[in-house]
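Heads up: the sequence lines are chains H and L, in that order.
The letter at position 36 of the first sequence is residue 56 when you use the numbering used here, and the numbering goes up by one with no holes.
The letter at position 235 of the second sequence is residue 255 when you use the numbering used here, and the numbering goes up by one with no holes.
The hints are all genuine.
Below are the DSS-like pairs computed for lysine-lysine, each with C-alpha atoms no more than 27 Å apart in a straight line:
1. K271/H / K202/H
2. K180/L / K315/H
3. K243/L / K293/L
4. K271/L / K235/L
5. K235/L / K314/H
6. K329/H / K235/L
Simulated restraints, written as ranges between beta carbons of each label pair:
7. E347/H / K132/L: 36 to 44 Å
8. Q270/H / K315/L: 24 to 32 Å
9. A62/H / Y238/L: 38 to 46 Å
For the record, the hints were derived by calculation from the structure and aren't laboratory data.
For every residue, glycine included, the Cβ atom is placed at its ideal position computed from N, Cα and C.
2 protein chains.
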Amino acid sequence: MMLKNDLLLRAAKGLAVERAPVWLMRQAGRILPEYRATRAKAKNFIEFVKNPELACEVTIQPVDILGVDAAIIFSDILVIPEAMGLPYQMIEAKGPWFEHTVKNKTDIDNLKIAEAADLDYVMQALRLTKKELNDRVPLIGFAGAPWTLFAYMIEGSGSKTFSKAKQFLYTQPELSHQLLEKITQSTINYLKGQVIAGVDIVQLFDSWAGVLSEKMYYEFSLKYISKICDALSPLVPVTVFAKDAHYAVQKISETSCNSIGLDWTIDPLTARKFSGNKTLQGNADPCLLYASDKKIIEETQLMLNAFGKERYICNLGHGLYPDIDKEKVKLFVQVVKEYKW
Amino acid sequence: MMLKNDLLLRAAKGLAVERAPVWLMRQAGRILPEYRATRAKAKNFIEFVKNPELACEVTIQPVDILGVDAAIIFSDILVIPEAMGLPYQMIEAKGPWFEHTVKNKTDIDNLKIAEAADLDYVMQALRLTKKELNDRVPLIGFAGAPWTLFAYMIEGSGSKTFSKAKQFLYTQPELSHQLLEKITQSTINYLKGQVIAGVDIVQLFDSWAGVLSEKMYYEFSLKYISKICDALSPLVPVTVFAKDAHYAVQKISETSCNSIGLDWTIDPLTARKFSGNKTLQGNADPCLLYASDKKIIEETQLMLNAFGKERYICNLGHGLYPDIDKEKVKLFVQVVKEYKW
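So that you can see chain H by itself, here it is in the shape it has in the complex:
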């Protein structure tokens, strides 16, 4: 099975490319009317995520509509806590909410280490998507990084500070490591299952990296990300996206990951200096896509030039916001595709 467009995989591996590949975090999402139509077929967000046909449908939409160089499976990072025994709800305009949170050793002991089979609906969605994609572009699998999942499992919801989760790290470091280890093992099982089901590359999302200090980040987050990279990178390329962990670019580059996702607060040239030979991914401000066409073209070209053609995957520095005009997204994609380095 040869991919017709394997730019993303070559870029991730540091191989030669004709141009940088482009995809966008949250490309399958509310910016597309087609997504909203598919979403309306499910009773709620959780059922949507658990429906392989619907997940496949929205995964492929941006490939057709936006012309991106990769599909990323539609799912949610919190499927892992759920598979471990901690179900959640997605509350409209509020975000995730867990009825039960992890409070002590018993709670941790009661969690199971998830197996790929526990997430069979994701595996089904992946197999279906892989088939429907018909090797047009690579399929990206993903998981939340252990610290980010831990943060939700302790906090029970989103938070500006994640102060409860951090309090747990500060007061219960040993229990924290036990929980992080269980999440890590579950994530490795899950991502290995994704590879068997057909993903060509995986990304770890450490959405809440930025609330930790550098020292805490290495102890409670990067250590586990590194384990996952070691388990997965012999199979498929691995991208680590640690949002707001500006201090960690160099240490992330010392893991066995293949590429490093960057948010828009990090300067491309600075990131190049600290990231060795790793591929970089990012990092346009999503709000740039609110701007005039002229501004989008100018700023995107500056970014493309700063990162260079090789070892680069063009993306935003965070997910698309729901009210961004899809025409602006198409323009962004087009600018990348037409750029001459």
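Based on the hints, put chain L in the right spot on chain H.
Below, chain L alone, put in the same frame as chain H:
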């Protein structure tokens, strides 16, 4: 009028000190039962802020109870938008909310440039506090940085992304500069009034610096901060605290500010490297104060050693969280006071 304890002012000016001064952002706040008792005397948050006697009371409480080396006037950064003609409410557990937001040129034209006299209740609170403090410690005045105030005035409330405010920057750069200029002039008037009313030093809080890219930050935030520094630093020392603007330490050090506030994601030695001869302030993770006494002592001492005795003001990297135990805060203060560099 000689201050009995002028450590903070000497540290801010880079003069010799016996030890580093210590105070804490949000030291006047919900961690103190005494604050909660005073707060209960006012009908709501806005009336609390506008009552000089109550503001004075809670400003002095942490000096008496926690033993900090400075008092910071109890107030709110959003008094400036209000004085410019944009009133707000503080909604319990939600945060600030503006009924009217800035949407276009007419809205900007309709805003007035605030004068110190428009904020007479703050001036009264300052004069009263200065008198009651009886020169025991310096009195810190403050204001929100123009970008942070702009963000609330456009967005109308807090936000994880401030995408509406950023959309305005991207789509209406000229109007954005007009509004930022008006906020800047208002802030200069306000802070000059604070100096006349008795403050010994001022701090600018750029709470939402971190949502901007480096380039946007210089254009839409630091430019105006720099103007305020130029207007105020001939009168009193000025501290700039730009939360999450890790990339901007060097450029902030090139303004006429005296000291730079740091959040806990910035390494002290890295900050020293990029900040020239400026004084640094910060930067313990507030969540450290949830930890055991042993851990608090160890981590605080590491931080004190890393920053060094001179040109350093000990503080947290953000405000105290409401559920932090005041005994832990006292311990933190004590560790600083007893540390031998």
